[in-house]
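Full structure from sequences and hints, please.
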Amino acid sequence: MFKSVHEKPGKASDMTVLVNGVEIGAWNGETVASVLLRAPGAGRGSTVSRTPRLPYCQMGVCFECLVIVDGNASMQGCLVPVAPGMRIESQHGPREISK
Amino acid sequence: MKYDVVVIGAGPAGMSAAIRLRKNGSSVAVIDEQHAPGGQIWRGVERNSGPVAEALGTDYRKGAALVQAFRACGADYMPETQVWQIEEGWNLFLTSGGKARRIGARVVLLANGAQERPVPFPGWTLPGVMTVGAAQILLKSGGMLPQGDVWIAGAGPLPLLYAIQLLGLEGRIAGFLDTSRKPGIAALTKLSGAWRDIPGLLKGARWLRDLRKSGKMVRGFHDLHAVGDGRLQYLEWQSAGERRKVKADVLLVHEGVVPRIHETMALGCAHEWNELQNYFTPRLDGWGETSKAGLFVAGDAGGIGGWLAATLSGEIAGLGIAKHLDVSFDAEGERHRAGLDKRLASARALRPFLDALYPPPTASIADEVIVCRCEEVTAAQIRSVAKVSAPDPNAVKAATRCGMGPCQGRQCGYSVQALVAEAHGIPPRDVSFFNIRPPLKPVTLGEIATLGDLEDAS
Ligand code: FES
Numbered sequence: 001m002f003k004s005v006h007e008k009p010g011k012a013s014d015m016t017v018l019v020n021g022v023e024i025g026a027w028n029g030e031t032v033a034s035v036l037l038r039a040p041g042a043g044r045g046s047t048v049s050r051t052p053r054l055p056y057c058q059m060g061v062c063f064e065c066l067v068i069v070d071g072n073a074s075m076q077g078c079l080v081p082v083a084p085g086m087r088i089e090s091q092h093g094p095r096e097i098s099k
Numbered sequence: 001m002k003y004d005v006v007v008i009g010a011g012p013a014g015m016s017a018a019i020r021l022r023k024n025g026s027s028v029a030v031i032d033e034q035h036a037p038g039g040q041i042w043r044g045v046e047r048n049s050g051p052v053a054e055a056l057g058t059d060y061r062k063g064a065a066l067v068q069a070f071r072a073c074g075a076d077y078m079p080e081t082q083v084w085q086i087e088e089g090w091n092l093f094l095t096s097g098g099k100a101r102r103i104g105a106r107v108v109l110l111a112n113g114a115q116e117r118p119v120p121f122p123g124w125t126l127p128g129v130m131t132v133g134a135a136q137i138l139l140k141s142g143g144m145l146p147q148g149d150v151w152i153a154g155a156g157p158l159p160l161l162y163a164i165q166l167l168g169l170e171g172r173i174a175g176f177l178d179t180s181r182k183p184g185i186a187a188l189t190k191l192s193g194a195w196r197d198i199p200g201l202l203k204g205a206r207w208l209r210d211l212r213k214s215g216k217m218v219r220g221f222h223d224l225h226a227v228g229d230g231r232l233q234y235l236e237w238q239s240a241g242e243r244r245k246v247k248a249d250v251l252l253v254h255e256g257v258v259p260r261i262h263e264t265m266a267l268g269c270a271h272e273w274n275e276l277q278n279y280f281t282p283r284l285d286g287w288g289e290t291s292k293a294g295l296f297v298a299g300d301a302g303g304i305g306g307w308l309a310a311t312l313s314g315e316i317a318g319l320g321i322a323k324h325l326d327v328s329f330d331a332e333g334e335r336h337r338a339g340l341d342k343r344l345a346s347a348r349a350l351r352p353f354l355d356a357l358y359p360p361p362t363a364s365i366a367d368e369v370i371v372c373r374c375e376e377v378t379a380a381q382i383r384s385v386a387k388v389s390a391p392d393p394n395a396v397k398a399a400t401r402c403g404m405g406p407c408q409g410r411q412c413g414y415s416v417q418a419l420v421a422e423a424h425g426i427p428p429r430d431v432s433f434f435n436i437r438p439p440l441k442p443v444t445l446g447e448i449a450t451l452g453d454l455e456d457a458s
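Sequence order for the protein chains is G and D. Numbered per my numbering, the first sequence finishes at 99, counting up by one with no gaps. Numbered per my numbering, the second sequence finishes at 458, counting up by one with no gaps.
Derived from the structure by calculation, the hints contain no laboratory data. Incorrect hints may have been included.
[As the list claims (entries may be wrong)] Below, simulated BS3-like cross-link-like pairs (lysine-lysine); rule was C-alpha separation at most 25 Å, straight line: (1) D:Lys245 - D:Lys216; (2) D:Lys247 - G:Lys3; (3) D:Lys2 - D:Lys23; (4) G:Lys3 - D:Lys216.
[Unchecked claim] Pulled from the structure, derived: some chain G residues nowhere near chain D, Cβ distances all over 10 Å: (5) Thr16; (6) Leu18; (7) Asn20; (8) Glu23; (9) Ile24; (10) Gly85; (11) Met86; (12) Arg87; (13) Glu89.
In this text the structure is predicted, and so the values were computed from the model without any measurement. No residue lacks a Cβ here, since even glycine has one placed at the ideal position from N, Cα and C.
See the structure below:
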């Protein structure tokens with residue numbers, strides 16, 4: 001769906017991260033929500049109908065990017081910069097605690 | 001820890017206010033959801049260089065100097081930090097890195113900017129549909145360009161600016177669905193004053209002309225649907241009595257921006273209704289102080305004005321706060337000497353025109369459309385409750401869970417207000433907003449537990 005202008009054939013990405021256990025290249029400056037748009041099948045399941053969702057606003061106001069980052073659930077992926085080796089996992093259904 | 005001033009947001013307004021206050025020797029903390037200063041407008045400005053910075057334009061590159069001055073001003077900068085509660089007096093409860101803490105302040109300045117106005121339509125929850133602002137953030141963050149058949153649907157300066165930036169990087173657009181009413185997006189190109197970036201403007205005008213010639217510009221349509229199985233695959237719309245259908249991989253939508261008001265709403269500040277743009281703003285005095293003493297607002301959070309007006313209103317709020325902290329401070333004199341009012345008036349000169357040129361959409365939301373993305377509540381469900389209850393969005397919330405999800409009404413608030421108004425045959429301004437209650441951002445019990453002894457934390 002998106003591709004970085006920095007991506008060139010034969011040029012390594014700035015880092016790799018794991019999305020649902022699968023390695024994917026990532027670029028300095030991007031957020032977890034940005035990676036979710038490139039990783040196949042990385043969407044969230046909506047709370048009620050469990051239909052697939054992907055990040056919508058990228059600015060912290062839609063919460064479609066809720067995701068598990070390095071074991072921490074319900075993180076807003078668009079507010080978390082990527083880091084080498086980061087483990088990102090899709091979150092399905094409602095948030096567990098919080099509120 | 002107690003500061004003279006805590007600023008929320010490190011965009012043009014927050015940075016300008018912090019720099020001003022540091023010059024006066026105040027202790028200042030600046031809390032930012034983002035990981036680097038600049039706000040959305042100058043996101044990534046310290047990192048972006050080469051073709052990306054070039055394509056983002058001169059207004060974008062101007063942010064670098066202010067960010068540099070902010071970094072050097074001596075304020076305590078707290079990136080990747082969320083404010084989930086503000087108590088009068090003032091105490092702010094924060095989370096960052098999974099830990100909660102509390103800081104105190106004599107004065108709080110909200111400089112948390114704006115968000116894009118959510119406009120629900122059939123299929124807007126499909127993967128592949130997102131806002132123009134989101135796509136622009138992706139461009140500023142990792143140099144991301146949308147791939148495949150990319151469509152833009154919307155109105156206002158941002159879609160045009162983004163399209164120019166995208167094309168500057170060899171990105172491609174399959175078509176542009178112009179939702180503006182007469183005189184249309186092309187009128188913007190006549191307003192050379194609106195764009196200090198003249199080469200960019202010419203490029204935009206040329207691009208619009210080419211787009212119209214190539215038949216990629218769609219105007220005078222209605223009933224847009226995003227359609228697909230698990231992701232966006234097609235767009236459909238009604239035009240000249242015909243149903244049109246095109247392939248689409250990405251749809252970027254934009255219908256203007258509205259101030260972020262959750263914080264001032266939660267604190268019970270007085271608000272006013274903007275008739276031209278259908279949004280609430282906190283009521284502010286000439287220095288940006290709200291109806292609550294010691295709580296100030298600057299920048300787009302107090303009404304949409306753009307980045308230049310935001311830097312100036314940030315400086316004015318900084319002076320007003322300095323006076324609040326020390327009554328002997330000559331804020332009026334400083335304000336006059338710096339010519340702030342004149343500069344602000346000129347920065348805002350085009351705003352009434354833009355507001356009138358791009359009125360918010362008023363089309364009724366179709367029954368089957370999901371209005372509340374979080375709890376998946378449709379317009380029909382909201383209408384059926386609204387018809388039989390008082391004209392109050394909170395009644396809809398209690399009956400349908402609409403607005404109770406993690407976004408807390410940031411996406412559905414104005415749509416619910418409009419639907420309630422419609423059901424009762426009254427103007428939206430006569431309908432209140434959702435009651436906003438803390439936490440302002442979801443916070444986990446685990447994070448709260450890390451607060452420990454509150455007295456220690458202070
Ligand atoms: S993408 Fe909307 S909150 Fe993160």
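>> Are any of the numbered hints broken by this structure? If so, which, sorted upward?
In response: The structure conflicts with no hint, since it agrees with every one listed earlier.
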